[in-house]
Amino acid sequence: MKFRIYRYDPDRDAAPYLQDFQLEVHPGMMLRDALMALKDQQDDSLSFRHSCGEGVCGSDGINVNGRNCLGCITPVSDFKAPVTIRPLPGRPVIRDLVVDMSQFYQQYRAVKPYLIRKDPLPEQEILQSPAQRERLDGLYECILCGCCSTACPSFWWNPDKFHGPQALLQAWRFLTDSRDQATEERLDALEGPYKLFRCHTIMNCVEVCPKQLNPTRAIGQIKDLMLRHSI
Amino acid sequence: MNSDRPVFLNLVQFHFPIAAVMSVGHRAAGVLMVLTIPFTVYLLDLSLMGPEGYEKARVTLQLGLVKLALLLALWALMHHLLAGIRFLLIDFDIGVGKAAGRRSAILVMVLAPFLALGVGALL
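As you go down the protein sequences, you meet chains A and B in turn.
Using the numbering used here, the final residue of the first sequence is 263, and nothing's skipped along the way.
Using the numbering used here, the final residue of the second sequence is 116, and nothing's skipped along the way.
Just chain B, with the same shape it has in the complex (with noise of 0.2 Å):
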């Protein structure tokens, strides 16, 4: 085989279905859940070490860039836990077909940022 060959494959020239954009969100949020644990951890020691340190965590949490990154923090939990089930499901033989999978994709999509929202709203 040539080597030299040129090959096409420009991701951003391909286009992903609704599934595929879902997926690489999956993905996505599973890396930024990882990425979030010392910062959680980091707020979570602050808190347990008496009153001052529980009193600085709290106001941090209440600064509005931290709040912005929690609420992405929310919607990656809510995105990777319902993203999880479907696919779950999926190995459960429900909705493999072509228009239950781009159903089950969309709703996803709009159902996390939404739960996000919701959830955050309640804290």
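This is chain A alone, in the form it adopts within the complex (with noise of 0.2 Å):
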């Protein structure tokens, strides 16, 4: 099978290239296992971030025939030759598919992704019902692995401003959480034209989102939830 792999080595090359290679896949093969393959079998200079395999660490997300996906848990078999495999869009290139997400981080650190208390700790665990538990089904899945905003045309024009939706799913998934207690402090934060604001429901996320989560949904749920608290 055919595969079309961007290359871009800052000490070597001027712009990045596709590169050509053909790789014998076999059933059952995953994208990660053709790109190890590859870097095994026919350029070891080939870089990408992988580690756990199975989808739970999220650190392999690539963008193959124009669809971002995670390369461990996503089938060879899926895509027509060639493949072409580039990195998240609109991320910087450090190297190949290795992409500097460090814009999507400060998004994520900056809708405070910690549980808030006001009232002093107790002795034991913070219980929760049955069904305020299974309200961050759906939420706390997500593993960061950038598959979502990176697809996201708000994002790619404003990544500094608009959170993106993989920081506004979790903003929803704290809110929503019957635990938390700065609901008020949170809502003022994501006031303003961009930071939530900026998401036109295109929902490229959720197409996108390799553990079928609905970032869309979530940012209706916070508009929802801003507008019952403004009334």
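For the record, the hints were derived by calculation from the structure and aren't laboratory data.
The structure presented is a predicted model; accordingly, all values stated were derived computationally and were not measured.
Derived Cβ-Cβ restraints for the label pairs, each shown as a range:
no.: 1; chain 1: A; residue 1: 221; chain 2: B; residue 2: 21; range: 32 to 42 Å
no.: 2; chain 1: B; residue 1: 32; chain 2: A; residue 2: 74; range: 55 to 65 Å
no.: 3; chain 1: A; residue 1: 71; chain 2: B; residue 2: 58; range: 54 to 64 Å
no.: 4; chain 1: A; residue 1: 132; chain 2: B; residue 2: 80; range: 31 to 41 Å
no.: 5; chain 1: A; residue 1: 172; chain 2: B; residue 2: 21; range: 33 to 43 Å
no.: 6; chain 1: A; residue 1: 74; chain 2: B; residue 2: 26; range: 52 to 62 Å
no.: 7; chain 1: B; residue 1: 61; chain 2: A; residue 2: 146; range: 52 to 62 Å
no.: 8; chain 1: B; residue 1: 90; chain 2: A; residue 2: 213; range: 23 to 33 Å
no.: 9; chain 1: A; residue 1: 58; chain 2: B; residue 2: 58; range: 54 to 64 Å
no.: 10; chain 1: A; residue 1: 76; chain 2: B; residue 2: 26; range: 50 to 60 Å
no.: 11; chain 1: B; residue 1: 104; chain 2: A; residue 2: 220; range: 39 to 49 Å
no.: 12; chain 1: B; residue 1: 104; chain 2: A; residue 2: 47; range: 39 to 49 Å
Which chain B residues stay away from chain A? Per the calculated CB distances, all over 10 Å, these:
no.: 13; residue: 23
no.: 14; residue: 24
no.: 15; residue: 39
no.: 16; residue: 47
no.: 17; residue: 49
no.: 18; residue: 50
no.: 19; residue: 56
no.: 20; residue: 62
no.: 21; residue: 99
no.: 22; residue: 102
no.: 23; residue: 104
no.: 24; residue: 106
no.: 25; residue: 111
no.: 26; residue: 115
Just so you know, even glycine gets a beta-carbon here, dropped at the ideal spot from N, CA and C.
Using the hints, put the two standalone chains together into the complex.
Right under this line is the structure:
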């Protein structure tokens, strides 16, 4: 099978280019397996991030034939040759498929992704009813791979001002957590034309999320809560 | 951060899902409708100038090229209207799922040209 891979070595190349590879693929082979085989057998300078190999660590987000996905859980057989592999869109390329995700993490940090308590912490854990716990389903599973935010046109144009789908999904994850006590502050922090409201419901995030999560719905729920708090 | 780093952001090489294409269409249709305003205002003004002006406007509207432009404007109106309703429904938490979002986007894309042709035929 023919692979075309985005190559860029800052020490050698003036500009990025696509390099062609030919690789024998086998049934059940994932894109990460293919990349590892290419690195092992054909060019050990090929650089990409990966770790767990089972869609848990979120390291190997890549753009394949134009779509963002996780290399480790996407079968090679999902694609027609040539399989063109590029880094996640809109992020500065450090080398080959490795991109600088600093801005993405800054946006994540900005939504304070941790429980904020005003009451003194109890001696034991803070209990939740099964229904309260259920509200976190579809939110806590996010692995920060960045496939959603780097597929979002609003994030492409304003990565410094718009939080992006990943951070907003996490904003809702903490807003809806029964143990969190900073609802007002969290909502106030999301005010303004950019941080939350730059979302134009294009739904590219929902389309690409490898964990089948729905940032668009989370963003709608934040807006709904904002409305309820303002009336 | 090293600002010399290249960035992959080629819109031609990115695969846009159907909902994104529909969304771009929503914007394009909006721009198109705004662009038709001077022309339609001119035609309205012409038609109100008296019987001669009215006749002139009527003849202008019968021109093949003008008819084609009007059909395009009708499509823009229909696409913008349907896409707008779709976005409103999503705001009300209706059809926010991946499959539902795809289905409604396809519906808008298919229905808008049909409606434009239908209304165009009636006029």
